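Please build the complex by placing chain B on the supplied structure of chain A, with the hints as guidance.
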Amino acid sequence: MRVLAALVLALVLAAPAAATPRASLPDIEDEVMCVECGTPLAVSDSPVAQQERAFIRREIAAGKDKRQIKAALVQQYGEGVLSDPKRHGFGNALWIVPGLLVVLGAAGVAFALRRWRGRTPAPEAAVPPPLSPEDARRLEADLTR
Amino acid sequence: MRVFWPVTLAAAALVGLLAYGVASKGASTTLDDALARGQRPAAPEKALPRLGAPGDASLADYRGKVVVLNMWASWCPPCRAEVPLLQKTHEAIAPKGGVVLGVDTQDATANALGFLRKRRATFPSLRDRDRSYVHEFGVTGYPETFLIDRRGRVAALRRFPVTRQWLDQHLPKLLAEPA
Numbered sequence: 001m002r003v004l005a006a007l008v009l010a011l012v013l014a015a016p017a018a019a020t021p022r023a024s025l026p027d028i029e030d031e032v033m034c035v036e037c038g039t040p041l042a043v044s045d046s047p048v049a050q051q052e053r054a055f056i057r058r059e060i061a062a063g064k065d066k067r068q069i070k071a072a073l074v075q076q077y078g079e080g081v082l083s084d085p086k087r088h089g090f091g092n093a094l095w096i097v098p099g100l101l102v103v104l105g106a107a108g109v110a111f112a113l114r115r116w117r118g119r120t121p122a123p124e125a126a127v128p129p130p131l132s133p134e135d136a137r138r139l140e141a142d143l144t145r
Numbered sequence: 001m002r003v004f005w006p007v008t009l010a011a012a013a014l015v016g017l018l019a020y021g022v023a024s025k026g027a028s029t030t031l032d033d034a035l036a037r038g039q040r041p042a043a044p045e046k047a048l049p050r051l052g053a054p055g056d057a058s059l060a061d062y063r064g065k066v067v068v069l070n071m072w073a074s075w076c077p078p079c080r081a082e083v084p085l086l087q088k089t090h091e092a093i094a095p096k097g098g099v100v101l102g103v104d105t106q107d108a109t110a111n112a113l114g115f116l117r118k119r120r121a122t123f124p125s126l127r128d129r130d131r132s133y134v135h136e137f138g139v140t141g142y143p144e145t146f147l148i149d150r151r152g153r154v155a156a157l158r159r160f161p162v163t164r165q166w167l168d169q170h171l172p173k174l175l176a177e178p179a
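Same order as they appear, the protein sequences are chains A and B. Our numbering puts the first residue of the first sequence at 1, with every later residue one more than the last. Our numbering puts the first residue of the second sequence at 1, with every later residue one more than the last.
The shape of chain A in the complex, shown without the other chains (with noise of 0.2 angstroms):
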């Protein structure tokens, strides 16, 4: 019982550890951005770049998470370095544009697909009458010309 209750415990504590894994450079270069360049900082290797991969380097070794880590970006950066277009202004129509696009094609397929369904079909070309027997004979005879 208590050997369980020691396991119970070191899981408990263990727990916010697992919640929140140890930031990595990749994993944080990944969602900022060079702030002069404007290119991702993955790619950049201007010297703000190089600053920016210092800063970052730094504050894993003070042993913040990334949330953290970005979260002092914005706070030295200004909310440019981030990769996430802006929530504000005109990065507003970048969250939205898009979604609308969906909506729009969505509801322009099921119009579509709704004439489309709605069409009777068109009218089968009428049967033409029987020859006569007299213009029966006549055919053939030319045919056999």
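If you are wondering where the hints come from, they were derived from the structure by calculation, not from laboratory data. Check the hints yourself; a few may be wrong.
With a straight-line cut-off of 20 angstroms between C-alpha atoms, the simulated EDC-like cross-links for lysine to aspartate or glutamate are [unchecked claim]:
1. B:46 x A:29
2. A:70 x A:135
3. A:66 x A:27
4. A:70 x B:91
5. B:118 x B:149
6. A:64 x A:29
For clarity, every value in this text was computed on a predicted model and none was experimentally measured.
Frame of chain A, contents of chain B only:
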């Protein structure tokens, strides 16, 4: 030909949005144009945190002084090169009612303070962390420098590193103007 209006309107709205986005990202040349016409436009003012000191400050706090407003960042190599000239200028114009005021942009505070300390620069600086303030001056690169007269108007600008010649050309006249 049939026109499907919802699709046409949606396409037009998207093109309009794209055009607005492109136009809003462009650099403003309002100050350059006004100076070219011989005007002195009012300098944008905004309270910004002081670098290495508590509280905020803005250009309004320097009204009555001639301000050499220098936009810089510690990661910008040309900015490093011009600091000695700016420091000398600051020391020279201080007794005549002038000041060099730096605006440090998109920079880590520790790096910015280390940058000034290493070069023994004592002129004050403000922090524009997201570049929103320097954008109002149409700044596209670093360093850029603006001369602000005693009435808070832009009297000259330089979109490259400053030179002794450029400062000598403008500063004596501005310092001689009454407040």
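Hint-by-hint comparison with the structure:
no., hint, verdict
1, B:46 x A:29, "32 angstroms, violated"
2, A:70 x A:135, "92 angstroms, violated"
3, A:66 x A:27, "8 angstroms, holds"
4, A:70 x B:91, "39 angstroms, violated"
5, B:118 x B:149, "30 angstroms, violated"
6, A:64 x A:29, "15 angstroms, holds"
The structure does not agree with the numbered hints 1, 2, 4 and 5 stated previously, though it agrees with the rest.
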